[in-house]
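Using the sequences and the hints given, assemble the complete structure.
Residue numbers (our numbering), protein chains in the order written: chain L, 4 to 289; chain D, 4 to 289; chain G, 4 to 289; chain F, 4 to 289; chain H, 4 to 289; chain X, 4 to 289.
For the record, the hints were derived by calculation from the structure and aren't laboratory data.
We treat Cβ as the ideally placed atom computed from N, Cα and C, and that holds for glycine.
Some clues are possibly wrong.
[To be verified] Below, a sample of chain L positions facing chain G; criterion: calculated Cβ distance under 8 Å:
no.: 1; residue: Asn-86
no.: 2; residue: Gly-87
no.: 3; residue: Lys-108
no.: 4; residue: Asn-115
no.: 5; residue: Phe-124
[Said to hold, decoys possible] Rough simulated footprint, nothing fancy, chain X against chain H, three-plus residues with beta-carbon under 8 Å:
no.: 6; segment: 45-53
no.: 7; segment: 187-199
6 protein chains.
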Amino acid sequence: MKQLVEKASILIEALPYIKRFRGKEIVIKYGGAVMTDPEDLLNFLQDLVFMNYVGIKPILVHGGGPSITANLKKSGLQSKFVNGLRVTDEKTMEVVIDTLADLNKSLVHDLNRLGARAIGFSGHDAEIFHVEKHKASGDVGFVGDVVSVNFAPIREMTDLNIIPVIYAVGIDDDFKTYNVNADEAASKLAVAMQVQKIMILTNVDGILRDAQDPQSLISSIQTDEVQDLIDRKIIQGGMIPKIKAGIEALQGGVKKAHIINGNITHSLLLEVFTDRGIGTEIILPS
Amino acid sequence: MKQLVEKASILIEALPYIKRFRGKEIVIKYGGAVMTDPEDLLNFLQDLVFMNYVGIKPILVHGGGPSITANLKKSGLQSKFVNGLRVTDEKTMEVVIDTLADLNKSLVHDLNRLGARAIGFSGHDAEIFHVEKHKASGDVGFVGDVVSVNFAPIREMTDLNIIPVIYAVGIDDDFKTYNVNADEAASKLAVAMQVQKIMILTNVDGILRDAQDPQSLISSIQTDEVQDLIDRKIIQGGMIPKIKAGIEALQGGVKKAHIINGNITHSLLLEVFTDRGIGTEIILPS
Amino acid sequence: MKQLVEKASILIEALPYIKRFRGKEIVIKYGGAVMTDPEDLLNFLQDLVFMNYVGIKPILVHGGGPSITANLKKSGLQSKFVNGLRVTDEKTMEVVIDTLADLNKSLVHDLNRLGARAIGFSGHDAEIFHVEKHKASGDVGFVGDVVSVNFAPIREMTDLNIIPVIYAVGIDDDFKTYNVNADEAASKLAVAMQVQKIMILTNVDGILRDAQDPQSLISSIQTDEVQDLIDRKIIQGGMIPKIKAGIEALQGGVKKAHIINGNITHSLLLEVFTDRGIGTEIILPS
Amino acid sequence: MKQLVEKASILIEALPYIKRFRGKEIVIKYGGAVMTDPEDLLNFLQDLVFMNYVGIKPILVHGGGPSITANLKKSGLQSKFVNGLRVTDEKTMEVVIDTLADLNKSLVHDLNRLGARAIGFSGHDAEIFHVEKHKASGDVGFVGDVVSVNFAPIREMTDLNIIPVIYAVGIDDDFKTYNVNADEAASKLAVAMQVQKIMILTNVDGILRDAQDPQSLISSIQTDEVQDLIDRKIIQGGMIPKIKAGIEALQGGVKKAHIINGNITHSLLLEVFTDRGIGTEIILPS
Amino acid sequence: MKQLVEKASILIEALPYIKRFRGKEIVIKYGGAVMTDPEDLLNFLQDLVFMNYVGIKPILVHGGGPSITANLKKSGLQSKFVNGLRVTDEKTMEVVIDTLADLNKSLVHDLNRLGARAIGFSGHDAEIFHVEKHKASGDVGFVGDVVSVNFAPIREMTDLNIIPVIYAVGIDDDFKTYNVNADEAASKLAVAMQVQKIMILTNVDGILRDAQDPQSLISSIQTDEVQDLIDRKIIQGGMIPKIKAGIEALQGGVKKAHIINGNITHSLLLEVFTDRGIGTEIILPS
Amino acid sequence: MKQLVEKASILIEALPYIKRFRGKEIVIKYGGAVMTDPEDLLNFLQDLVFMNYVGIKPILVHGGGPSITANLKKSGLQSKFVNGLRVTDEKTMEVVIDTLADLNKSLVHDLNRLGARAIGFSGHDAEIFHVEKHKASGDVGFVGDVVSVNFAPIREMTDLNIIPVIYAVGIDDDFKTYNVNADEAASKLAVAMQVQKIMILTNVDGILRDAQDPQSLISSIQTDEVQDLIDRKIIQGGMIPKIKAGIEALQGGVKKAHIINGNITHSLLLEVFTDRGIGTEIILPS
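Below, the structure written as structure tokens:
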């Protein structure tokens with residue numbers, strides 16, 4: 004009995020955090036490397052369901068990097084990158100969409116099976132992400148920059164306490180489909196909807212001063228300190244677009260931005276339901 | 004960190020129970036002896052708030068026995084009982100209403116303060132409990148039997164996820180106010196609303212085969228075994244109306260009825276969020 | 004221009020039918036042989052989307068016979084039938100669920116992609132279909148008879164104008180999963196929800212007096228004429244459970260029951276938006 | 004059967020257009036010359052009903068020029084115009100209101116009879132259009148310029164999928180009633196509500212380069228080309244306030260403005276449900 | 004100031020009556036002789052608006068006897084009655100519908116103009132009243148008995164706090180239109196919707212023991228006393244169907260039935276907002 | 004009867020005022036001296052209930068000056084004021100909160116008992132009023148200036164037609180509780196919610212040119228005339244913060260601001276339901 008009472012007390016401890024976030028929308032960028040382990044995935048989905056049950060409104064934006072690469076390989080297509088952007092011809096685009104649509108179906112299905120209500124959206128068919136062809140890095144094919152976001156159907160779902168699950172592709176004025184960076188898409192959506200928080204999941208603990216030392220985690224960083232860390236190669240590679248997405252979200256009016264390790268069990272709950280949170284928080288200079 | 008992950012896991016363990024009870028109404032009879040300790044009260048209210056936050060719809064019906072007796076004493080009025088019913092003249096009735104209204108105000112206020120939405124109802128002003136003067140035990144003054152229940156304003160509140168807190172007095176066809184037994188009122192309300200569950204809180208662990216031995220708790224009892232236990236004085240005193248309220252609820256279509264010790268920390272959560280539950284469950288013969 | 008005006012006139016012709024069915028729920032049993040052709044599937048889904056757009060509330064119940072048989076084969080498992088019921092051991096059940104879950108995911112995804120809102124439900128996880136082990140045909144393993152239906156989450160979705168897509172498996176009191184006949188499940192759901200209409204899609208035009216002659220379609224049949232047609236082998240094989248499902252729906256209070264050829268292009272719209280309808284209508288004796 | 008399938012296909016062809024406009028508000032200015040033919044009226048109303056049924060939200064603003072002139076004549080009052088504005092003394096104003104109220108009643112009644120839900124609003128009683136006395140053209144009596152719009156009761160109706168039908172009169176700060184130009188009123192309402200589209204119905208096909216040649220229709224015109232066309236008398240007379248209303252709507256943030264021939268059968272559907280649309284579209288310079 | 008305070012007190016006096024009827028539906032039969040005086044009409048409509056504003060849900064059912072007779076005369080058609088039923092050939096039916104549709108338009112328009120929201124329904128187009136040809140009095144043409152009521156669109160409107168205004172014609176299974184008695188139609192609707200109260204307005208004060216003496220009003224009558232009063236000619240003529248409509252409403256579960264003089268200023272408010280009410284109340288034998 | 008008809012006419016006279024304010028939010032500052040008389044309180048609460056019943060949305064903000072002073076005295080604590088601000092140490096703050104919470108409970112309870120729905124909010128627990136420590140008058144302890152307002156939970160309640168009752172305390176970034184001026188709090192809330200009207204109740208009739216002469220009431224004053232009246236001591240003492248609260252509300256976009264004598268019977272209704280209103284209206288210079 005005593006153990007049960009302790010468990011009940013832990014539920015009660017969550018009350019102030021639930022109170023703080025009830026009715027608030029949180030954009031969660033999920034994808035890539037973090038999606039591979041089935042147990043991590045289950046933990047992640049359970050966290051979403053718990054949030055849904057207590058009245059918090061998560062919005063999931065996902066890409067699917069490693070699965071796309073794998074599927075391209077199966078189709079005999081090569082993955083080529085310029086400035087971290089996947090060079091995307093028509094055939095590649097088909098594989099991208101098929102892969103993301105499959106991931107989306109699975110996420111939606113699993114959330115519904117776990118007892119939450121979820122609905123899948125494609126960024127192009129549902130005309131969520133409007134893009135222009137990306138030009139800054141030369142011609143990389145069907146890669147788009149998000150120029151505007153149609154969030155009406157997403158808000159409609161969060162109003163009904165249904166979890167929207169969106170895969171990050173975009174559509175241009177001629178109704179052509181483009182590959183978009185999921186971090187950027189999540190950030191643009193978060194700004195358009197003026198959500199409370201954006202959480203970008205990755206497979207490292209956050210920004211580490213020393214990549215070899217998990218103890219060197221920077222738990223909070225100001226937006227104006229970032230460039231220096233990039234120059235010093237402390238922030239590098241795939242972390243750069245994530246940090247940039249976080250900064251843009253903050254500058255666009257989102258209240259909070261976090262980089263979190265999706266491989267930590269129940270990382271979403273830990274971030275939301277503890278005072279300290281986990282991972283690296285990005286903040287505006289005070 | 005490990006400890007945090009364990010805490011998160013405990014939140015996740017609650018998911019299947021939340022799923023089972025989400026959107027379901029539960030009538031909770033609260034009152035009397037169980038109300039005296041401030042820490043127990045806080046635990047009780049937090050449990051209600053947690054239920055409210057996860058979409059379960061508790062409905063609170065309360066009396067106020069000991070406080071009424073104390074206030075009568077202060078007013079120089081004596082407490083007289085016939086067959087467990089408080090003999091209620093006009094002056095006594097005034098004290099009863101004042102006391103219950105005060106308790107009601109406090110419960111509503113505390114629930115709102117803790118972050119849930121709660122609204123107070125009086126059984127008479129809001130015309131919830133319609134009564135006839137009680138006659139079976141002779142003339143005991145303004146004591147009424149509940150003959151019908153107007154639950155429309157209560158349902159209106161649970162539809163809005165607001166916790167109704169009702170104090171158990173009734174009104175007759177001539178708009179006179181009557182004292183009613185809170186166990187009976189809760190049971191009648193539970194039947195009228197066809198709720199999922201009625202939980203009657205008391206200050207013992209449930210029905211004990213041996214009043215001296217807490218290990219002798221009967222965790223489940225069939226309605227047709229009750230009379231025998233009453234005859235054998237295993238069920239006696241104030242427990243009798245509670246058991247009867249539970250039986251009437253079941254016979255009226257309520258799915259489950261429980262007698263629970265309100266003094267156990269977080270007893271509501273333990274009952275709802277564990278498979279075994281606590282206290283004594285009353286069941287219809289299969 | 005003239006052609007455009009004619010097209011507009013055809014939209015307007017649909018008005019009285021839309022008016023008749025707006026806000027009404029229609030259970031549609033879909034599955035088996037009819038699911039194989041991708042173009043038929045697209046037509047079918049577009050019809051659902053059109054219905055959704057004009058305020059009609061379709062509810063999709065599906066099985067997945069041929070795909071299940073194919074997947075069992077892939078897994079090296081044999082399909083054995085007793086009285087038309089698939090003998091279902093534990094391994095078979097796993098394949099059944101995997102197959103249906105996959106079909107469900109695809110249907111939900113495609114509906115969302117086409118612009119409707121759809122949500123998937125499993126008959127077991129979402130605890131829609133409560134079953135008892137089927138005994139009438141001897142022990143055929145995990146095959147269940149639907150004994151009750153929990154339609155609350157389905158109604159919640161139709162209230163929000165979201166299309167529920169349910170796959171036909173059931174759950175018993177011990178939370179074990181059972182294979183159920185999708186025709187039966189659809190019929191039980193239709194009765195529980197007291198819907199306007201049940202439409203059972205198959206791959207023939209309805210009941211034919213002469214199986215070789217499509218002109219011999221019986222467009223309307225009374226429930227009391229059915230047994231005679233079974234005795235005379237005019238109704239036989241897989242058509243029998245479909246007719247029975249239709250009869251049970253009518254006897255349970257559903258207003259209309261139809262057997263329709265899902266391979267006819269836009270068969271749903273033809274049935275709903277023409278006076279004569281298509282296929283065979285089953286009616287109660289007047 | 005083949006013909007039926009073709010008809011069903013035409014319904015399905017409308018899907019992408021429905022998807023594009025579902026939930027969107029469209030202000031439709033209707034009135035004057037276009038209202039006289041009963042068959043045209045029926046076509047027009049059916050189009051509104053169809054739009055209502057598929058979730059598009061038309062808002063009807065109407066005047067009643069020719070009927071007003073006819074009724075003034077019956078009352079022995081003369082119609083005098085200054086700069087296209089009807090000189091409106093008190094008696095004239097009475098006839099204006101009576102005429103518009105009658106037209107309004109008929110439109111509302113017919114829409115309801117056809118199966119849509121519609122509600123009538125007067126621009127003055129319901130305090131939709133707040134005006135100041137028009138002064139730019141000298142004293143023309145009770146003619147007002149719309150200075151602000153109270154659209155709250157209109158939005159309330161479109162939220163409920165009910166068609167608001169508003170007749171164009173205004174009210175000033177002293178609660179006096181004024182005649183207002185219906186094109187202007189529609190444009191001001193469209194801007195206030197930030198609707199998707201304004202459609203101004205008239206009895207010509209749009210702007211014709213050569214008034215004698217229907218083939219000379221200008222299907223798209225930039226706002227900055229208009230003045231030149233007015234100077235060259237290509238746009239003249241009653242078309243000028245319509246074009247101006249369209250321009251002001253666009254400049255105020257309305258997405259699209261169209262001048263359409265209401266005498267074309269199902270002109271509303273043709274405009275909304277074809278890619279090319281009909282009539283003349285006014286656009287902002289790119 | 005003192006006078007103003009008194010007026011405010013009168014508003015406050017209405018509170019308990021508002022409380023009693025808030026959210027409750029009341030069917031009001033209006034029509035015939037009572038409709039002729041414009042000031043009475045205004046009073047009547049204001050009462051409806053007040054009820055609408057304080058959350059009471061009136062539902063108006065109207066006929067139009069005298070206007071119909073007048074319009075038939077204008078059309079050179081004779082009014083013939085058998086057993087109080089208007090013999091209705093096709094031409095007569097056309098006049099009936101035109102007349103009622105006009106009255107309906109005016110009532111709806113005036114209610115909207117006065118600030119309430121109202122929507123018109125025809126008993127046939129909206130398929131509210133389903134009838135069979137009346138036979139009990141021989142062939143009187145298109146006169147129907149109401150056999151079932153489709154109240155769904157009416158409830159939809161009262162849920163939105165919109166006043167439904169319905170004119171009493173019916174439709175049979177072959178979609179032919181029939182004249183129906185408005186008292187009967189109101190009663191059938193009241194039973195179908197299980198409303199709180201039916202109020203049948205007429206142009207006398209209620210049932211008078213002595214038709215010449217307004218002081219002889221019977222303020223309350225039991226259903227089982229009625230036949231005797233009919234036999235004694237105290238209840239006669241047009242009052243008989245009104246009383247019968249009231250009795251059928253009560254026997255069908257409507258809580259209260261009243262016959263009220265619509266020519267008394269603010270008769271609706273007097274009936275609802277005073278303890279004694281006005282007119283004659285019909286009650287079930289206790 | 005005649006008297007009854009007159010009473011009904013008075014209800015009808017209120018219609019245009021109800022129409023004007025239906026659905027509109029009105030912030031009412033209540034408190035201090037005006038709260039002491041039980042009959043005034045009842046009148047005040049009935050006015051709120053009437054407003055609630057007719058669809059007007061009052062929001063109550065209250066302090067509790069005299070009760071606080073009395074309770075401090077009981078606790079042996081002195082009331083010290085600097086610039087009209089109560090010097091508030093920790094013990095004083097406790098008494099403030101206890102007193103206000105008690106008043107809040109009573110107001111909420113009484114409103115519910117009278118038949119309206121009301122819910123209590125504390126400015127700190129519910130995190131409505133965010134404050135910074137007040138510094139302009141030196142260190143006066145836990146006295147805060149309202150720097151931002153979280154009105155989301157308040158709007159949620161007015162949307163549901165529930166009356167929010169808020170007591171004026173604030174919370175700072177470190178979750179410490181501060182005493183705030185209730186006039187200021189009401190004004191800040193009114194601006195944040197952009198309500199229609201703010202009504203500040205006090206115990207004098209408004210601004211009097213001659214404090215001894217009730218006939219010298221200034222019924223309307225421009226904001227730019229105020230300073231002069233302060234300089235001339237016509238406005239002085241506790242009236243100054245009330246006027247300032249009114250001015251800030253107007254400058255922040257609130258449509259109307261009134262200072263009203265809460266001791267006048269039904270002062271709220273008189274203000275809302277008469278053309279002239281009562282008390283002193285503050286207006287922006289035209």
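Results of checking the hints against the structure:
no. : hint    : result
1   : Asn-86  : violated, 31 Å
2   : Gly-87  : violated, 29 Å
3   : Lys-108 : holds, 4 Å
4   : Asn-115 : holds, 5 Å
5   : Phe-124 : holds, 7 Å
6   : 45-53   : holds (count 5)
7   : 187-199 : violated (count 0)
Hint compliance for this structure: hints 1, 2 and 7 are broken, all remaining hints hold.
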